[in-house]
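Asker: Spelled out from the first residue to the last, the chains are:
Protein chains: 2
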Amino acid sequence: MSQNPNIRHALTVKRADDFAQWYQEVIAEAGMAEESGVRGCMVIKPWGYGIWERIQQVMDARIKEAGVENCYFPLFIPLSYFAKEAEHVEGFAKEMAVVTHHRLIGDGKGGLVPDPEAKLEEPLIVRPTSETVIGAAMARWVQSWRDLPLLTNQWANVVRWEMRTRMFLRTSEFLWQEGHTAHADRADAVAETLRALEMYRSFAEDVLAMPVIAGEKPENERFPGAVATYSIEAMMQDGKALQAGTSHYLGTGFAEAAGIRYQDKEGSQALCHTTSWGVSTRLIGGVIMTHGDDDGLRVPPAIAPQQVVILPMLRDTPEDEALLAYCEELRREIAGKSALGEKVRVLLDKRPGKATQKRWAWVKKGVPLILEIGGRDAAGGQVSVVRRDRLWREDGKVNFTGMARADFVAGVAAELEDVQRSLHGEALARRDAQIVRGITSLEALAAYFEGEKYPGWVECGWSRPGGAALDEVVAKLKALKLTIRNTPLGEAKPEGACLFTGAPAVETIYVARAY
Amino acid sequence: MSQNPNIRHALTVKRADDFAQWYQEVIAEAGMAEESGVRGCMVIKPWGYGIWERIQQVMDARIKEAGVENCYFPLFIPLSYFAKEAEHVEGFAKEMAVVTHHRLIGDGKGGLVPDPEAKLEEPLIVRPTSETVIGAAMARWVQSWRDLPLLTNQWANVVRWEMRTRMFLRTSEFLWQEGHTAHADRADAVAETLRALEMYRSFAEDVLAMPVIAGEKPENERFPGAVATYSIEAMMQDGKALQAGTSHYLGTGFAEAAGIRYQDKEGSQALCHTTSWGVSTRLIGGVIMTHGDDDGLRVPPAIAPQQVVILPMLRDTPEDEALLAYCEELRREIAGKSALGEKVRVLLDKRPGKATQKRWAWVKKGVPLILEIGGRDAAGGQVSVVRRDRLWREDGKVNFTGMARADFVAGVAAELEDVQRSLHGEALARRDAQIVRGITSLEALAAYFEGEKYPGWVECGWSRPGGAALDEVVAKLKALKLTIRNTPLGEAKPEGACLFTGAPAVETIYVARAY
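From first to last, the protein sequence lines are chains A and B. At position 414 of the first sequence the residue is numbered 414 (this note's numbering), and the sequence of numbers has no breaks. Here this note's numbering = 1-based position in the second sequence + 515.
By construction, these hints were calculated from the structure, which means they are not laboratory data. On a predicted model such as this, the values are computed, not experimentally measured, just so you know. Careful, some of the hints might be misleading.
Listed next, the in silico SDA-like pairs over lysine to any residue satisfying Cα-Cα at most 20 angstroms (straight line) [unchecked claim]:
{"hint": "1", "chain 1": "A", "residue 1": "Lys109", "chain 2": "B", "residue 2": "Ala601"}
{"hint": "2", "chain 1": "B", "residue 1": "Lys599", "chain 2": "A", "residue 2": "Gly110"}
{"hint": "3", "chain 1": "B", "residue 1": "Lys865", "chain 2": "A", "residue 2": "Glu65"}
{"hint": "4", "chain 1": "B", "residue 1": "Lys865", "chain 2": "A", "residue 2": "Asp147"}
{"hint": "5", "chain 1": "B", "residue 1": "Lys858", "chain 2": "A", "residue 2": "Gly67"}
{"hint": "6", "chain 1": "B", "residue 1": "Lys780", "chain 2": "A", "residue 2": "Gly353"}
{"hint": "7", "chain 1": "A", "residue 1": "Lys64", "chain 2": "B", "residue 2": "Glu568"}
{"hint": "8", "chain 1": "A", "residue 1": "Lys64", "chain 2": "B", "residue 2": "Gln572"}
{"hint": "9", "chain 1": "B", "residue 1": "Lys634", "chain 2": "A", "residue 2": "Asp107"}
{"hint": "10", "chain 1": "A", "residue 1": "Lys265", "chain 2": "B", "residue 2": "Lys869"}
{"hint": "11", "chain 1": "A", "residue 1": "Lys94", "chain 2": "B", "residue 2": "Arg618"}
{"hint": "12", "chain 1": "A", "residue 1": "Lys119", "chain 2": "B", "residue 2": "Lys634"}
{"hint": "13", "chain 1": "A", "residue 1": "Lys94", "chain 2": "B", "residue 2": "Thr615"}
{"hint": "14", "chain 1": "A", "residue 1": "Lys119", "chain 2": "B", "residue 2": "Asp622"}
{"hint": "15", "chain 1": "B", "residue 1": "Lys624", "chain 2": "A", "residue 2": "Pro78"}
{"hint": "16", "chain 1": "A", "residue 1": "Lys354", "chain 2": "B", "residue 2": "Asp662"}
{"hint": "17", "chain 1": "B", "residue 1": "Lys865", "chain 2": "A", "residue 2": "Trp145"}
{"hint": "18", "chain 1": "B", "residue 1": "Lys599", "chain 2": "A", "residue 2": "Gly37"}
{"hint": "19", "chain 1": "A", "residue 1": "Lys119", "chain 2": "B", "residue 2": "Met678"}
{"hint": "20", "chain 1": "A", "residue 1": "Lys119", "chain 2": "B", "residue 2": "Arg679"}
{"hint": "21", "chain 1": "A", "residue 1": "Lys84", "chain 2": "B", "residue 2": "Arg618"}
{"hint": "22", "chain 1": "A", "residue 1": "Lys119", "chain 2": "B", "residue 2": "Val628"}
{"hint": "23", "chain 1": "A", "residue 1": "Lys343", "chain 2": "B", "residue 2": "Ala576"}
Bound conformation, chain A alone (with noise of 0.2 angstroms):
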């Protein structure tokens, strides 16, 4: 986190003071989210959905070339539904909207109130995640052999009643993407468990320019009722983990509650093993906190609404009709080019107003290449460019380059990579940095932890304790704030012994404090 004297940053609050108080300030000023008044709830405004949009439309791609097809589900689902998932599955969560009228009537002071005389016979839920409905539907959809694997998708909105809720992170409506799938035994279904996983693990990283490690939960962060949980999980700027994706292989227990069954080849009836996977928009909240600086938003280009923008230093006379001119030419070259195999997304922003105020607000959204193009510019056939990752110059500056027109269009494409790969690679270098190893014992974890801040994650291992061996080791982190994160994929057994048991160690795990 850049300390240079000369500086004066576009945010107000910096990183290092106040990380939350800066999270949100990146957001207003990006012009990302903001509250709507209703509790729990944000409105996301168009630069946070822009992003989402992006967001989507990639990973929608990906879940189509896995062959998986989309459907939507009703947003309400019978309470019925929760009272046997209740019966069955410890730790199932509660908080939930309900409703449980279907009119409003005037309450004869000029308000209204629900209308008692159309009260539901049985409550509706608003959907926490589809999973009882999708359930229900794959028992009717599935008869035969023939019809597995069922691989099937839903983009939507999802409503879990949070008690304290922060912008994309933690919100009581939030949108995400639920895949649901059927299989025929258990080795189809734990390899599309880790086909989705590792979806989401590349997607964050080429994508997000987000690195994570994708490993298996600890038997006590499994989803309730779940054979085996898996994710991704991100650092944080400040040193925290983010849970960025999930990934569950569900066993036959999820299709015994739903009655998921279908005749084999022989003709006897068997149950489907069945997974689950969601990514939502929490991936925003985790793209904000890796890229971000004290300037505001960064953006890698794979997901920026805008990838280029273009200002023009208009200034009231009459000769902004050819810089505007210019700048119009200058546009279309650019949108002609393709970057990280999509057409370039550029904008040229003819709105009134100064060009350097223009210019903070698109730094502060993070935008990767800004253009500012003055009356000189247009006349000798030259742009001038500034890279949102290389903001500043030593002496406090901001970095813009003038270069020809015609170099800028030819190597816009290898200058929005570079910038994509450049996000990428600070942000692993720091992860890196910031994963410690060799603690050996619970008192060093805790003196390494000490203090309001959380320097980052502790590699440690693991001899993979369960019942009341792995609740103790849970209570004792809990006293510290901090959680097991996952167990990475395809790592070696580790040397030593466990960190928590002594016992000797079976695999490698992090340890954090969790967002």
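Using the hints provided, position chain B relative to the given structure of chain A.
Answerer: The following block gives chain B in isolation, referenced to the frame of chain A:
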């Protein structure tokens, strides 16, 4: 509607026998949607949702092209927002889903009930539209003339409690887009209202191949509180009208209620003029009733999730491998072509099952081109193809044509474009043939619409009565189960008298029974 006795159609119900039942069968057999177990809410299955995704994608590009930005607003709206509206707006609908609790609790008998401790202080309404919250946001976002026009759009689910529901046409929950814009003056707002209307008109015609009449609704059919409401009206095959999209000029009334004010260039405060416009999953119902036939759905290529399906005639023999390789090569060649401005969407259907069974499944889904490839075709470099819109020969055989593979690939784009054009042409000819002119008395109108069937629309003169005179007309029409659809835009003032008042006609209207 074909009456050839040689033909054995794929559906059990014919349009001519029971249109409503036929509609349900198309949806079920095409795998578009099904009942969800939640009153009035449907499950949209992959083929139905795929069509919606196509509609969204093409419409969204047109919305963005017009400079409108997407946002996302909360699902829940505090009750108090509606109390204000109910006071100001006559005809305010009160059938809404009301959330009163935020937690469930065990009832001690193994069931769950809303937790009385978790009753909300103020009930929340599941949005029937986001009009009120968007208005509140606009009031925050608009300060000066520089912020105008403010052009926003939302893609979302909304809920209106419906007593009688029909899939896609009228469901309690449905998916839609709602555009909301704020402008400095009347002229700009009216221009935006008409731009959205024209966007809908051309979308319906070019993309859905669904002929529509774009016009202004009569006063009694205006959106409550609007100054003017415009619609696109399509004729279904049973002669009824479907309102397929609306665009409203709201004047300054909504801006006043929400406090959307701006400082003009002279420094004084002024109210904005606002608009709103929307289309929904109802469009899919329109597509079914415009293009479906007695063999199921026919999807216009522009919105078909798959435009070409290849069915290899597998025999479970070693020759299958060569056949599949041939089909895969064919698929690749077709996928490399572009039609209607996009890459051709082609599927090689390798699932187990007999090719004829699979053929009829695709016929009922309405995929524009179906290829059946046998071993002999593969050996001879041939394909066998049928157009869904020209399915039958006179002799009752399916209208397959053999041709060289290279010729098919070279012509696939032209063929798809011809299907798109043909479907539109067929629907247009039918619509125009079912519009009757020259009816000049209420008695003749009643006689024309006598009986159970609605042969089409009546075009007649209209003197634009208001107040009690209009109420009287509406009541008379209601007794005949008829409504005024709209006044087409851009038509010359008609000759003659108003059918209802006898006064000189000032405009043309369409009278029809409607969905």
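Asker: What are the numbers of the hints the structure violates, in ascending order?
Answerer: none
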